[in-house]
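The listed protein sequences correspond, in order, to chains U and Y. Residues 4 to 187 in this note's numbering are what the first sequence spells out, letter by letter. Residues 16 to 243 in this note's numbering are what the second sequence spells out, letter by letter.
These aren't lab readings, by the way, just hints derived from the structure by calculation. Think of the CB as a built atom: it goes at the ideal place given N, C-alpha and C, for glycine as much as any other residue. Warning: the hint list may mix true and false statements.
[As the list claims (entries may be wrong)] Distance ranges between label pairs, derived from CB positions:
1. U:S179 with Y:G198: 41 to 51 angstroms
2. Y:A83 with U:G163: 33 to 43 angstroms
3. Y:E62 with U:S62: 15 to 25 angstroms
4. U:S72 with Y:G231: 38 to 48 angstroms
5. Y:L131 with U:E156: 33 to 43 angstroms
6. Y:N132 with U:N95: 41 to 51 angstroms
7. Y:V104 with U:G124: 22 to 32 angstroms
8. Y:N142 with U:G163: 47 to 57 angstroms
[Stated by the list, open to error] Subject to a maximum C-alpha distance of 25 angstroms in a straight line, what follows is the list of computed DSS-like cross-link-like pairs (lysine-lysine):
9. Y:K114 with Y:K160
10. U:K63 with Y:K117
11. Y:K124 with Y:K160
12. U:K34 with Y:K117
13. Y:K224 with Y:K160
14. Y:K124 with Y:K242
15. U:K99 with Y:K242
16. U:K34 with Y:K124
17. U:K34 with Y:K224
18. Y:K242 with Y:K117
19. Y:K124 with Y:K114
20. Y:K242 with U:K34
21. Y:K114 with Y:K242
22. Y:K224 with Y:K124
23. Y:K117 with Y:K160
[Claimed, not checked] Some chain Y residues judged to face chain U by a derived CB distance under 7 angstroms, without partners named:
24. Q128
25. D203
26. T226
Next come the chains, spelled out residue by residue.
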Amino acid sequence: MKNIKILAALLIIPFLAYNCSDDDDMKYEMKWPDLSGTYVQEDQMGRPAVNTVFVSAASKDMFNVTIPSMQNASFQSMFQTNLEALSPAYANAGDKNALGLDAAAFTGVLATDVLNVSLDGTTTFYDGTNVLTGRNLSDDVITVELLLIFGGEDFSENPGLSDDNVDANDKAFLASFPYLASPW
Amino acid sequence: MRKLRTVLGLGVLAVASYFVVAADHIDAPEVQGGSSDITDFYAFQGEDTNNMVFVANVQGLLSPANTASASFDESVMIEFNIDSDNDFVEDYVIQAIPKNGKMYVIGPKMPTQTGLNSMVVASDIENAAVTNITPYGANALIGSKNGVSVFAGPRDDPFFMDFARYVQIVTPGDDDGDGMEEGAFLPDGMASDTFAGTNVMSVVVEVPKSTIGGSGTINTWVESKRKQ
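Put together the whole structure using the sequences plus the hints.
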């Protein structure tokens, strides 16, 4: 009898151990789907409208799969050519935008398509005081970009091209998470 | 002005073939209109100023009628990249992956490798913040873990622009029937938001600033990556 108990125990222990382990696997499977694998890049974005405006049609896919640390070397001269075509004043020597950047310097910033964000305070694309410290939902980023492209040194040039006169979203944003308005 | 028009006109021939292009909506042939097409990216301080909020929108220009049937592609990861030492290489990543009606958000964490390929191992999910994807018409469902909050689901497209007028300006000739080429945006009151009344699929992640470097300036960008 004693032997049988021991034998039974010996049989049961691995069974329990196996069962236990199996149960864990099952729980793991039920609780966590398998997301493992290699994910390969298709699209990327930092600042709004950069690929759309500054990258030539044939290069748009390539821009989306060029890592930011390589974008300046690969795309700055294309950006400058396209900027000077869009806003010919930039081709004049010494011409700058309101940030004090000439065509080479401005496109040098833009070609590396990342959003600069402050961890220490106000986050905004441009609020009249802070420049490129983030991007809020309510920021009128297109008008800011039109001003920097067409507005000249003091935002006074090409007034008809430097503001689309749509200054706000069609639905109010939320003060709390998730911040975006509910869908239409 | 003439030169501007001519050059812009050449650009529009390409633009027009994408139908509509804006913040990053339908920005390039490979991704246009697909499940990995990023439409917009935002990063801003949270209601709790100790936190930073990242927003990625995909699948733009959803009409209300088409929004209920829209869904995230389970083979597409949305990855927020954060560079904290100004070398334009990511030091932290936040990886959002949809599966079976939920959105799993891994990180912020240091990536196992940087660049175009991202590796996910099975155990990465154990510390993921998880939320049920909010169905169309339902109140926002929010998941949280370790101070990370997550939302995923349809939202109003927060982007706004008179894109229709922009197209008229850069398209040579009279497009609005008044006998003249369009040389400027419309004035206040006449200008209209081309994206009004349209929805996107949104991923919103709020994280403690302490998990992405704490202070200073970061460079950040968002990527869509497809599982192989």
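How the hints compare with the structure:
Hint check: U:S179 to Y:G198, Cβ distance near 43 angstroms, so the stated range 41 to 51 angstroms holds. Take Y:A83 and U:G163: their Cβ atoms lie about 41 angstroms apart, and the range 33 to 43 angstroms holds. Range check, Y:E62 to U:S62: Cβ separation about 40 angstroms, and the 15 to 25 angstroms hint is violated. The hint said 38 to 48 angstroms for the Cβ distance between U:S72 and Y:G231, and at roughly 19 angstroms that hint is violated.
Our hint of 33 to 43 angstroms for Y:L131 and U:E156 holds, since their Cβ atoms are close to 39 angstroms apart. In this structure the supplied range 41 to 51 angstroms holds for Y:N132 paired with U:N95, their Cβ-Cβ distance being about 44 angstroms. For Y:V104 and U:G124, the Cβ-Cβ distance of about 25 angstroms falls inside the hinted range of 22 to 32 angstroms, so the restraint holds. Between Y:N142 and U:G163 the C-beta distance comes to about 53 angstroms, which sits within the given range of 47 to 57 angstroms.
Simply put, Y:K114 and Y:K160 have alpha-carbon atoms about 18 angstroms apart, close enough for the 25 angstroms limit, and the pair holds. For a cut-off of 25 angstroms, the pair hint linking U:K63 to Y:K117 is broken: about 32 angstroms separates their Cα positions. Note on Y:K124 and Y:K160: the hinted pairing holds, with a Cα-Cα distance of about 14 angstroms set against a maximum of 25 angstroms. Taking the CA atoms of U:K34 and Y:K117, the gap is near 12 angstroms; set against the 25 angstroms cutoff, the hint holds.
Only pairs whose Cα atoms come within 25 angstroms are accepted, and Y:K224 paired with Y:K160 is accepted, the gap being roughly 15 angstroms. For the suggested pair Y:K124 and Y:K242, the alpha carbons sit about 19 angstroms apart, so the restraint of at most 25 angstroms is met. Of the supplied pair hints, the one linking U:K99 and Y:K242 is violated, its CA atoms being roughly 44 angstroms apart against a limit of 25 angstroms. With a C-alpha separation of about 22 angstroms, the suggested pair U:K34 and Y:K124 falls inside the 25 angstroms cut-off, and the hint holds.
For the suggested pair U:K34 and Y:K224, the alpha carbons sit about 29 angstroms apart, so the restraint of at most 25 angstroms is broken. With a C-alpha separation of about 17 angstroms, the suggested pair Y:K242 and Y:K117 falls inside the 25 angstroms cut-off, and the hint holds. Restraint check for Y:K124 and Y:K114: the C-alpha separation of about 20 angstroms stays at or below 25 angstroms, so the hint holds. Our distance criterion of 25 angstroms between C-alpha atoms is met by Y:K242 and U:K34, whose separation comes to about 21 angstroms.
Our distance criterion of 25 angstroms between C-alpha atoms is met by Y:K114 and Y:K242, whose separation comes to about 12 angstroms. For the suggested pair Y:K224 and Y:K124, the alpha carbons sit about 13 angstroms apart, so the restraint of at most 25 angstroms is met. Proposed proximity of Y:K117 and Y:K160 is supported: the alpha carbons are some 14 angstroms apart, at most 25 angstroms. Interface hint at Y:Q128: violated, since its Cβ lies 10 angstroms from the closest Cβ of chain U, which is beyond the 7 angstroms cut-off.
Here the hint on Y:D203 is kept, as its CB sits about 5 angstroms from the closest CB of chain U, short of 7 angstroms. Annotation: interface hint on Y:T226 violated; nearest CB of chain U at approximately 11 angstroms, more than 7 angstroms.
This entry does not satisfy hints 3, 4, 10, 15, 17, 24, 26, going by the numbered hints stated previously.
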